[in-house]
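Let the hints inform the model, and build the full structure from the sequences given.
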Amino acid sequence: MNNYLKDYLLYLADTSLILSQRNSEWCGHGPILEQDIAITNISLDLLGQSRNFYQYAATLIGDNATEDTLAYLRTEREFKNCLIAEQPKGDWAQTILRQFFLSAYQYLVYEKLQAYNNEQLAAIAAKALKEVTYHLRWSSEWVIRLGDGTEESRQRMLQATNELWRYTGEFFITVDYEKEMNIDVADLKIEWMKTVRAIFEEATLPIPDNTFMQTGGKKGIHTENLGFILAEMQYLQRTFPGANW
Amino acid sequence: MLNFLPMLDNNKNKILSILEAVCDPEIPVLSILDMGIVRDVKFDNALLADGGIEVSITPTYTGCPAMDMIAVNIKLALLENGFKNVRINLVLSPAWTTDWMSEDGKIKLKKYGIAAPDKKNTIPKDGVECPQCNSNNTRLISEFGSTACKALYQCVACEEPFDYFKCH
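Protein chains in written order, with the working numbering: chain V, 1377 to 1621; chain B, 3 to 170.
A portion of the hints provided could be inaccurate.
Stated by the list, open to error - One side of the interface only, derived from the structure: several residues of chain V facing chain B at Cβ under 10 Å:
1. Thr-1416
2. Leu-1422
3. Ile-1500
Just so you know, these hints were derived from the structure itself, not from any lab. Heads up, the beta-carbon is just placed ideally off N, CA and C, and yes, glycines get one too.
Set out below in structure tokens:
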């Protein structure tokens, strides 16, 4: 049980951490000051959530594992984040749409987990849910604003949808560690589609047809993008092991 | 909201006054008691064999960078006042809510220029009372503000921008 729980915690932590890292690339580069602050605030929330999951995972792993060793000293194949989190930040439309897709998904996952039969996991999820609710509202409003905005913003949202839709399929594929924990994510698809459909309709954006879905992130098989993030994120600890300030 | 295990009143008062003096580093007018961050204090020789003290705190937002500093400041304040074996315990459940902020804290917030949390789980588009001129003719500028716990508003009447401590 603990082994599957450990993998599941790492999957949740990695998805939040990598998305946080990607969003933080906007720091100082946001389209306007308020939104620069918004996206970096979301980054901070996600980083906090990942820390909670890593800290819990570290206690299960033992062997001197800490939240830091888990974030900084694991390799690409050991990361279990959803593929969508590691994709480049792209333009503002792509960042917004990725946030919306993932927030809508995290909302459903944490909502279920807050009643899960594991006190610590349920507590972390309940706490995260409050923050994710906020992220979902903010990103939904932006999807509507851009989709139903100018010709330019609409075009960019269509491009972003085309780019990111293929990474949403793996949200709903239950992998082995989820199965062992009696978590069936296939069930979440209906609710997720409901949210996406409602917001896309308001944004006057079409829902893509069923297309090929890129999968593997949850099992540690990633796109080439993850290696570059890890190289940047882990550089300091790899170069100066144990560096501290 | 603060849950003290049975202990002598003079100890309890002493501990309370020490904790009252520990501030939120990002909103220095509020003590950690006003914020509702302190959830429990255990100080009882029978329960803690080492004669120590254990303070349980809960984070406002999971990524709040002030939490580590608050934990260190609580520890220092208690050590300076002669307590030994001070432990800080981080609890996540139940999740912190602005409902735990004291009424006194809300008044202090307003005096400091930050509008206090109002309706539960909402981020009003307008109508938040301006902490400067008390007008309700205000508008939301951004759902995210200078820290994780605040949103940015502007008063239409006096034109001053101000922070709103958002409901959570």
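Against the structure, the hints come out as follows:
no.: 1; hint: Thr-1416; in the structure: holds, 8 Å
no.: 2; hint: Leu-1422; in the structure: holds, 7 Å
no.: 3; hint: Ile-1500; in the structure: holds, 6 Å
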